[in-house]
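> Required output: the full structure, derived from the provided sequences and hints.
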Amino acid sequence: MPSSRPDRGHPVVAAELDEQMEIAAGRRAPFTMLGDWVALSGIDDHAKALYWCLAMHVNVARDDTEVWPSRYTLAEWCGFAKAESVDRYLAQLVELGAIEVRQHRHAGGMRARNRYLVHGSPSDDYAGARSLHEWYQRRRAEADPEPSRSPFQRTTARPAETRETPAQPVVRSSGLPESAPADLGSPPQRTGTKTKNNKTKNTTTPARTRKAPAPKPPTGGGGSSPLRPTTEPAAESEAARLVLDTVAGTLTLGGPERAVLAAPIDAAVAAGWEPAVLAAHLTADPTTDKIKQPGGWLMYRLTGTRKTGVPALPEGPTVCPCTACRRHVRQVEAAIRQQTAELDRARQRHAEQTDDPGRARYETITEALGAALHGRIVAAEFETLRTGRFGANLAGSLAQSPKRIRAVVGGVYGRYGHDIAAIRTYAESLPPAGQPVPAVAASA
-5 MPSSRPDRGH PVVAAELDEQ MEIAAGRRAP FTMLGDWVAL SGIDDHAKAL YWCLAMHVNV
55 ARDDTEVWPS RYTLAEWCGF AKAESVDRYL AQLVELGAIE VRQHRHAGGM RARNRYLVHG
115 SPSDDYAGAR SLHEWYQRRR AEADPEPSRS PFQRTTARPA ETRETPAQPV VRSSGLPESA
175 PADLGSPPQR TGTKTKNNKT KNTTTPARTR KAPAPKPPTG GGGSSPLRPT TEPAAESEAA
235 RLVLDTVAGT LTLGGPERAV LAAPIDAAVA AGWEPAVLAA HLTADPTTDK IKQPGGWLMY
295 RLTGTRKTGV PALPEGPTVC PCTACRRHVR QVEAAIRQQT AELDRARQRH AEQTDDPGRA
355 RYETITEALG AALHGRIVAA EFETLRTGRF GANLAGSLAQ SPKRIRAVVG GVYGRYGHDI
415 AAIRTYAESL PPAGQPVPAV AASA
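Mapped onto my numbering, the consecutive letters of the sequence shown carry residue numbers -5 to 438.
It is worth saying that the hints were derived from the structure and are not from the lab.
Some hints here could point you the wrong way.
[Said to hold, decoys possible] Quick list of in silico lysine to aspartate or glutamate cross-link-like pairs, EDC-like style, CA-CA up to 20 Å:
| hint | residue 1 | residue 2 |
| --- | --- | --- |
| 1 | Lys76 | Asp260 |
| 2 | Lys397 | Asp338 |
| 3 | Lys397 | Glu377 |
| 4 | Lys76 | Asp38 |
| 5 | Lys397 | Glu375 |
| 6 | Lys397 | Glu357 |
| 7 | Lys397 | Glu361 |
| 8 | Lys76 | Asp39 |
[Claimed, not checked] Label pairs and their in silico Cβ distance ranges:
| hint | residue 1 | residue 2 | range |
| --- | --- | --- | --- |
| 9 | Glu327 | Ala121 | 41 to 51 Å |
| 10 | Glu136 | Thr26 | 29 to 39 Å |
| 11 | Ser117 | Asp338 | 40 to 50 Å |
| 12 | Ala18 | Met293 | 29 to 39 Å |
| 13 | Pro308 | Arg355 | 55 to 65 Å |
For glycine and all other residues, C-beta sits at the position ideal for the given N, C-alpha and C.
Here's what the structure looks like:
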């Protein structure tokens, strides 16, 4: 894609910025409103095109600017064969503040998808030009002044008299100034050889000229680019550092190899891989101790081969056949089953507490009686069940579980019509828990 940066080319002169141009609108079509500040920021043309593609996905009827096209769609629109080719341009838009990337997990948290929040206006701390008018003002302030030229003069005046030898250039009485600018170089040096007539034959050596100063790097606005480019290698992200440190426990990696592997690792994490799972996947091969070039082997595991263009890294651990990913999937599925079971038990307990209308009345009567009288009723009723007619047959089902105690004592409350005074009188007539129950009390 040819560059469309407006500040490349020959040095800009202030007079050229005042040139008038007329542009008329042509045929109308569905359109997308884009901020001028993105086009004037100085980012790559692919990043500008990517911002346009993201802005086209904004649904104005939804009253937000969040979009979620796949990376494969963005790569196809930008003319790339691989989805990860758009990551560097997405990073430029994020650093510029034109978009925000939010990760949304689905499929039980095992897969993730990026959502992009598209900003139409720059942030408050944006340092670049926000409009075309501001861009022209900054360029006009930085433009080189009109170069001063001395008119070419033709004259037949005699040369000015001078005592210099003919080997030096003669300066006319009118024309250029006598002293040349410093950047035109030092004057030519004279060398001479003796002839047989004792005259000196003068020759001149070419003057040494200074190198032209390096051109100023183009900027997108006032002073410095909003992206603040640097020649130093980018620092590793936290996710890339975790993966590389884990892999370094199995494979030996140098500084240059870590710098090269950081970008594909960040792309894999953005696609949904967790750093710990990705590190276990990269070192799951049983032949890792025999690898002679760890950097190249890891790059193949992350990006695939150049011949086929098929990525070697699966979409996620759920579709990966390696032992590390299968172990991770089993652990995640076990955790999901455990959480589901706990949720079902909590839902059942809540239903028991809210759906039973007699539970609140039972709790009220039990609290009014107190623990001592309630214990007497429990001991008396279970003793009656054990010594009754069918006690031998019920021996295996008379365990005093909370649910069975509530059922047995609830029957006693029902016999007395849930009258707290009558139930209290009955409980006070019973012996304390642990003593034999009289036959009269048991048959009451």
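> Run every hint past the structure and note whether it holds.
Hint by hint, here is what the structure shows:
1. In summary, the hint linking lysine 76 to aspartate 260 is supported, as the alpha carbons are separated by about 15 Å, within the 20 Å threshold.
2. Distance hint between lysine 397 and aspartate 338 is fulfilled; the C-alpha atoms sit about 19 Å from each other, no more than 20 Å.
3. For the given pair, lysine 397 sits about 17 Å from glutamate 377 by alpha-carbon distance, which is consistent with the 20 Å threshold.
4. Between lysine 76 and aspartate 38, the direct Cα distance comes to roughly 18 Å. Compliance with the 20 Å bound is thereby established for this hinted pair.
5. For the suggested pair lysine 397 and glutamate 375, the alpha carbons sit about 15 Å apart, so the restraint of at most 20 Å is met.
6. For the hint linking lysine 397 to glutamate 357, the alpha-carbon distance of about 13 Å falls within 20 Å, and the restraint holds.
7. The suggested pairing of lysine 397 with glutamate 361 holds, with an alpha-carbon distance near 17 Å, which does not exceed 20 Å.
8. The straight-line distance between the Cα atoms of lysine 76 and aspartate 39 is roughly 18 Å, inside the 20 Å bound, and the hint therefore holds.
9. The hinted window of 41 to 51 Å between glutamate 327 and alanine 121 holds, with their beta carbons roughly 50 Å apart.
10. For glutamate 136 and threonine 26, the Cβ-Cβ distance of about 31 Å falls inside the hinted range of 29 to 39 Å, so the restraint holds.
11. Serine 117 and aspartate 338 have their C-beta atoms about 47 Å apart, which keeps the hinted 40 to 50 Å range intact.
12. Checked against the hint of 29 to 39 Å, the pair alanine 18 and methionine 293 fails, with Cβ atoms roughly 52 Å apart.
13. One distance hint, 55 to 65 Å for the beta-carbon pair proline 308 and arginine 355, holds here, with the actual separation near 59 Å.
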